[in-house]
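Peer 1: Below are the chains, spelled out letter by letter.
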Amino acid sequence: MSRVAVARIRPGASDAARERALLSLRAALPRVGVLEQGVYACDLRGTARLLGVPLVVAARIVSVCARADAACAVGVAPGAFVARVLAERTPLGEARGLATGPREFLAPLPVTTLPLDPRVLEELSLMGIREVGAFAALDAGAVLDRFGRAAAAAHALACGTDDVPVHGVPPVRRIRAGRRFDDAIGSKEQLVFALRMLADQVAQSLAADGLAALRLLLHAERDGAPPLRLERVLLPPTADPTALVRSLRWALDERAEIGAIDAAAIEALEVEPLRGRQLGLFAPDGARIEEAIAVAQHLRGRLGPGAVLRARLHAPDARLPEREADWTEVVA
Amino acid sequence: MGSVATVAALDGAVARIGQRFGSRALTRGASFERRSEERSLRTGTAFDRLAGGIPTGSPCVFVGTGTCGKLALALRAVAAAQREGASVMWVDPSATLDPLAASRAGVDLDRLLVVRARTREDALFAAAAGVRSGGFRLVAVDTGPALLAPFVRADDVAPLIPIVRGSAAALVVVSDEPARRLVLPTFRFERIAWEQELGRTTGWTFAVSAARGEQALFHARSLARQLLDLGVRRELVEASA
Numbered sequence: 001m002s003r004v005a006v007a008r009i010r011p012g013a014s015d016a017a018r019e020r021a022l023l024s025l026r027a028a029l030p031r032v033g034v035l036e037q038g039v040y041a042c043d044l045r046g047t048a049r050l051l052g053v054p055l056v057v058a059a060r061i062v063s064v065c066a067r068a069d070a071a072c073a074v075g076v077a078p079g080a081f082v083a084r085v086l087a088e089r090t091p092l093g094e095a096r097g098l099a100t101g102p103r104e105f106l107a108p109l110p111v112t113t114l115p116l117d118p119r120v121l122e123e124l125s126l127m128g129i130r131e132v133g134a135f136a137a138l139d140a141g142a143v144l145d146r147f148g149r150a151a152a153a154a155h156a157l158a159c160g161t162d163d164v165p166v167h168g169v170p171p172v173r174r175i176r177a178g179r180r181f182d183d184a185i186g187s188k189e190q191l192v193f194a195l196r197m198l199a200d201q202v203a204q205s206l207a208a209d210g211l212a213a214l215r216l217l218l219h220a221e222r223d224g225a226p227p228l229r230l231e232r233v234l235l236p237p238t239a240d241p242t243a244l245v246r247s248l249r250w251a252l253d254e255r256a257e258i259g260a261i262d263a264a265a266i267e268a269l270e271v272e273p274l275r276g277r278q279l280g281l282f283a284p285d286g287a288r289i290e291e292a293i294a295v296a297q298h299l300r301g302r303l304g305p306g307a308v309l310r311a312r313l314h315a316p317d318a319r320l321p322e323r324e325a326d327w328t329e330v331v332a
Numbered sequence: 333m334g335s336v337a338t339v340a341a342l343d344g345a346v347a348r349i350g351q352r353f354g355s356r357a358l359t360r361g362a363s364f365e366r367r368s369e370e371r372s373l374r375t376g377t378a379f380d381r382l383a384g385g386i387p388t389g390s391p392c393v394f395v396g397t398g399t400c401g402k403l404a405l406a407l408r409a410v411a412a413a414q415r416e417g418a419s420v421m422w423v424d425p426s427a428t429l430d431p432l433a434a435s436r437a438g439v440d441l442d443r444l445l446v447v448r449a450r451t452r453e454d455a456l457f458a459a460a461a462g463v464r465s466g467g468f469r470l471v472a473v474d475t476g477p478a479l480l481a482p483f484v485r486a487d488d489v490a491p492l493i494p495i496v497r498g499s500a501a502a503l504v505v506v507s508d509e510p511a512r513r514l515v516l517p518t519f520r521f522e523r524i525a526w527e528q529e530l531g532r533t534t535g536w537t538f539a540v541s542a543a544r545g546e547q548a549l550f551h552a553r554s555l556a557r558q559l560l561d562l563g564v565r566r567e568l569v570e571a572s573a
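Just so you know, the protein sequences line up as chains A and B, in that order. In terms of our numbering, the first sequence has 48 at position 48, counting the first letter as 1, and numbering is strictly consecutive. Heads up, our numbering is the position in the second sequence plus 332, with the first residue counted as 1.
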């Protein structure tokens, strides 16, 4: 089953053309990775229903790259290695799939096709092994014992078991929630109340993607005044709606007036994976440390240096009290 | 009422959830009231028998003249909150918190956020932020000794009352003077006697009084740096009788 399409841009293409092609591919396909300069792997798993069968997608890749002034050849195969080899043997402007299995396709090709160390290639040559098929016929354990792990990986490729995933960059998704108000909002408390709903929506989107917001933007349209833009950095990054609203509320607290707000939107400008941030599920007290850190950061910004402190004991038995302990800023 | 099989299946499901996610994941209705009592902060001293611990979701005031033990007991409460895994905010406008005394009371200084506010507004803002955030189990506001003419008084915490009532945090105000305009749960600290050895003061005994007249007695020893829990006065009288 074909899962990967590899596009090989024509060798003489300019850097700008290659970059345009890559951007176009990333806009058109969900997961596009870079194998090397001008060689792009597109992971097609799960796209058949939406985009069509792999060969149709491959044809689209050809046309997308052509529009970017970067003619390419596309090979479609179950794995990235075979697809790349196929793309190298496909004329520019065409897309080809495998007519046979990957092992059969690779078998007649020279063994130099495989990513092998020159010394291994020389030894294989001395052994009379010149084609991939002959190398694949060797026992996998014997190849590992004699030539090492890298050769064993190449042997697996020769056998058509190419399960190296495509490290594609996920498509950029705009996480945003907005609302237009029937009556203009003039007070901060009302605006914070309205922002809670928007923050809930943003938090749901973040949680659905397993993300935490690092930078947050509040964009508010005002009646008779330029739009209000408040950008906040959330440290630590969070997907908790309460923390999102709190950060925005603090930003609003620092403004004397907000004007008459007709519409507001919250957008997560920068996100991070939410890995390892689920301490709070059933440990309500221990999990609040992040909240405490956020408060400390806010107070440090509001009260200035020397106000938010932590004590450290140095010499509890020191004769002079000032040598017993010192005070350090919680937030540098 | 479901069948026996249904009840057994429900009990099994509850037990599995308890095993997997912890005993606090589910609460039966009958035990909810008991749980709400468990939310108060237990200092592990006679103060708990006097007042049921330090109430959360409510402010309380420790009032007494200098060197009467109110700070020692407040630090015990801080240590108790930290033992539950929580962080604590100590608003210290007079900058008089002694880290060594806190450490000897069992306070983990790494999880004690000390805010040295320079104005009354900053002190109240910090306390409000701490209570509102949910990041702190206990927020203590030490107004400082009366000798230093503190700019924060017990009466000033009025704006914090609605905030703390909606939170799971406890707010303790440590003050030399009681609130005059506000009616707040107040514990009065009173020094009963000095302890002297070889003509030098080595400690003192103090009592903590709750609103209904009951008293808890403590003895602070400055040389040994200990706070001895003597018990509740009524229990002591009954025991001696």
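Just so you know, the hints here were simulated from the structure itself, not pulled from any lab data. Hints should not be assumed to be uniformly reliable.
Here are the computed distance ranges between Cβ atoms for each label pair [stated by the list, open to error]:
#	chain 1	residue 1	chain 2	residue 2	range
1	B	572	A	316	55 to 65 angstroms
2	B	513	A	302	43 to 53 angstroms
3	A	312	B	557	18 to 28 angstroms
4	B	478	A	235	47 to 57 angstroms
5	B	500	A	163	29 to 39 angstroms
Here chain B is said to cover these stretches of chain A; the calculated rule only asks that three of the stretch's residues, wherever they fall, bring their Cβ under 8 angstroms from a Cβ of chain B [what the hints assert, rightly or not]:
#	region
6	120-127
7	306-317
8	324-331
Glycine is no exception: its CB is placed at the ideal position from the N, C-alpha and C atoms.
Peer 1: Looking at the structure, which of the earlier hints fail to hold?
Peer 2: Numbers 1, 2, 4, 5 and 6 - these are the hints that the structure violates, sorted from lowest upward.
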